[in-house]
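Each chain is listed here by its residues.
There are 2 protein chains.
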Amino acid sequence: MRTVEVCVSPDLIPCYKLEGKIVVVIDILRATSCMVTGLGEGLAGIIPVEKVEECQKLKDQGYIAAAERDGKKVEGFDIGNSPFSYQDAALKGKWVAVTTTNGTRALIHSCHAKEILVGAFLNRAALVKYLLSKEEDIVLVCAGWKGQLNVEDTLYAGAIIESLEGKVKHSNDSALIALHLYEKAKGDMLGFLGNSSHLQRLKNLGIEEDIKYCLKEDLYDVVPQFIDGKLLPVLLTVEK
Amino acid sequence: MRTVEVCVSPDLIPCYKLEGKIVVVIDILRATSCMVTGLGEGLAGIIPVEKVEECQKLKDQGYIAAAERDGKKVEGFDIGNSPFSYQDAALKGKWVAVTTTNGTRALIHSCHAKEILVGAFLNRAALVKYLLSKEEDIVLVCAGWKGQLNVEDTLYAGAIIESLEGKVKHSNDSALIALHLYEKAKGDMLGFLGNSSHLQRLKNLGIEEDIKYCLKEDLYDVVPQFIDGKLLPVLLTVEK
Numbered sequence: 001m002r003t004v005e006v007c008v009s010p011d012l013i014p015c016y017k018l019e020g021k022i023v024v025v026i027d028i029l030r031a032t033s034c035m036v037t038g039l040g041e042g043l044a045g046i047i048p049v050e051k052v053e054e055c056q057k058l059k060d061q062g063y064i065a066a067a068e069r070d071g072k073k074v075e076g077f078d079i080g081n082s083p084f085s086y087q088d089a090a091l092k093g094k095w096v097a098v099t100t101t102n103g104t105r106a107l108i109h110s111c112h113a114k115e116i117l118v119g120a121f122l123n124r125a126a127l128v129k130y131l132l133s134k135e136e137d138i139v140l141v142c143a144g145w146k147g148q149l150n151v152e153d154t155l156y157a158g159a160i161i162e163s164l165e166g167k168v169k170h171s172n173d174s175a176l177i178a179l180h181l182y183e184k185a186k187g188d189m190l191g192f193l194g195n196s197s198h199l200q201r202l203k204n205l206g207i208e209e210d211i212k213y214c215l216k217e218d219l220y221d222v223v224p225q226f227i228d229g230k231l232l233p234v235l236l237t238v239e240k
Numbered sequence: 001m002r003t004v005e006v007c008v009s010p011d012l013i014p015c016y017k018l019e020g021k022i023v024v025v026i027d028i029l030r031a032t033s034c035m036v037t038g039l040g041e042g043l044a045g046i047i048p049v050e051k052v053e054e055c056q057k058l059k060d061q062g063y064i065a066a067a068e069r070d071g072k073k074v075e076g077f078d079i080g081n082s083p084f085s086y087q088d089a090a091l092k093g094k095w096v097a098v099t100t101t102n103g104t105r106a107l108i109h110s111c112h113a114k115e116i117l118v119g120a121f122l123n124r125a126a127l128v129k130y131l132l133s134k135e136e137d138i139v140l141v142c143a144g145w146k147g148q149l150n151v152e153d154t155l156y157a158g159a160i161i162e163s164l165e166g167k168v169k170h171s172n173d174s175a176l177i178a179l180h181l182y183e184k185a186k187g188d189m190l191g192f193l194g195n196s197s198h199l200q201r202l203k204n205l206g207i208e209e210d211i212k213y214c215l216k217e218d219l220y221d222v223v224p225q226f227i228d229g230k231l232l233p234v235l236l237t238v239e240k
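Here the protein sequences come in this chain order: D and X.
With the first letter of the first sequence counted as 1, position 162 gets the number 162 in my numbering; the numbers rise by one all the way through.
With the first letter of the second sequence counted as 1, position 187 gets the number 187 in my numbering; the numbers rise by one all the way through.
Note that these hints are calculated values from the structure, not bench results.
Because identical chains cannot be distinguished in the list, a pair is counted as satisfied if it fits within a single copy or across any two copies.
25 Å max Cα-Cα, derived DSS-like pairs, lysine-lysine:
1) Lys-169 <-> Lys-184
2) Lys-17 <-> Lys-72
3) Lys-146 <-> Lys-17
4) Lys-169 <-> Lys-146
Just chain D, with the same shape it has in the complex (with noise of 0.2 Å):
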C-alpha cells in the first residue's frame, strides 16, 4: 500500500526521503491558505521566495509583491500576508511575489521531491482527490513556526492522513501523532487551537478573522503546484 509519512518542520526534512515523492506543504495560518486563496481566485501564478530582498527585486521587475515576517506584513510591500487582500479582484490574472516567515521556506527546501504540492482547509478535498488520482508515496510537510512545531500544521496533517485512510497507509510515528491529535480536535478545532502559542501570538495582531477564515474547508477546488520555482494552478472539480 502507498504511504503517507509527516515532517512536523522543515528544519526535519534532511531527515525524510523525498525522492520520488509527494510532498504536500502545509502553512495553515496564513501562507499555504494565502497560495489556494489567490491561486482559487484567479491569480496567474505565485512566485514564493525565500528572502525579503529576493522579494523586493521582483517588486522592482514589476511584480505585486507580498512579505510577511514574525506574522507582520513588511513595509513598503504591495500585501501582507492576509487571505482576504488576495480576494481583491483587481489581482486576477496577475503574478504575485511572496516571501513569508516559514512557508515558503518549506516549499523551497522539499526541492527534491518528484511533484510538491500546497495544502490548506480551504482545499482539502480539491487535495485529497489530485492525492488519490496519484500512485506516489506521500510526505505531508509542515511549516511549522521558526522550526519549531505548530499545532494547526500538524492538525491539517492529522486531517489529511483520516481522509486518505484504507487508501494511504500512515507509516511514521509524526503521522500517528498527527492523526491522533486531528481526532482529538476536531470538534471544535478553533477551541482547541485557543490554547496554542501561535495562535495567542496571531490573536495579539489582531486577526481573528484571518484564523477562522484559515479554518473553513473546501472553499476552493484548486490545488497549487509547485514547479521551477512558481506556484500554478491544478482546477479539479469536487462533488461536494
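Once you have looked at the hints, place chain X on chain D.
Same frame as chain D, now just chain X:
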C-alpha cells in the same frame, strides 16, 4: 510562572534557547531507561559518547562498554541497550561507557543548558520531585529516532507536563501536543504504542520484555545528572 517546553527531536535543539534552563533528555526505548536502571542499581557513573569508535577507545582503556546501533548491540562490546543487562550485581560501583543511536546525541547536543537531567518512566516521580525543587525553566528534549519524532518519547514528555501542571506552565505547541497525546494514551500505553513505527521496529528485534519494563513507573528514586561529560546519580527520597 516557570515554563516547560518540548523539543521533539535533537535536530531541532538549535531552535531553542537552552541557556539558563534545565534540560531533561528522554529516550524511553531504551537509552534513558538503561541509564536510570544502571545508576539506580548502583553504577558509579556513565560516560555517554557519540561515536562507536570513542566507546571502543574507552573499552580499550578498561571501561565496561555498551554500544547500540539501529536497536542492536554492536559486536565486540560488553553490553547492548537492554535495561536488564544493567541489573547485573557485578556492575555495582563500576563506570560504564555508552553510545546509542539517539539518546547520547540528545545529551551531548543539550550542552548549552544550565543543568541536564535524564528522564524515564522508571524515575518519573523522582524527576518531577527534583524539577519542582528548582526554579529554572525546563526544556524536555526527546531523542526520537534518527531525527524524526517517536511516540513513546513524546508521550513521556506529556506525562511530565501533566505532573507539573499548576506549577509549571507549558509554553510551546510541542508541549501542548505532547500533553494531548499523553491524555489520550495513558489508560493503555502499550496498546497505544502498538501502532508506532518505532515499536514495530523494536518488536522485530524480539525485545517485548524490554518494552514492557521501560513503561513501568517509579522503580528507581534516582535522577541521572550530566556533568562534565559524565552521568552521575542524584538520589532522592520519593513518597509513593
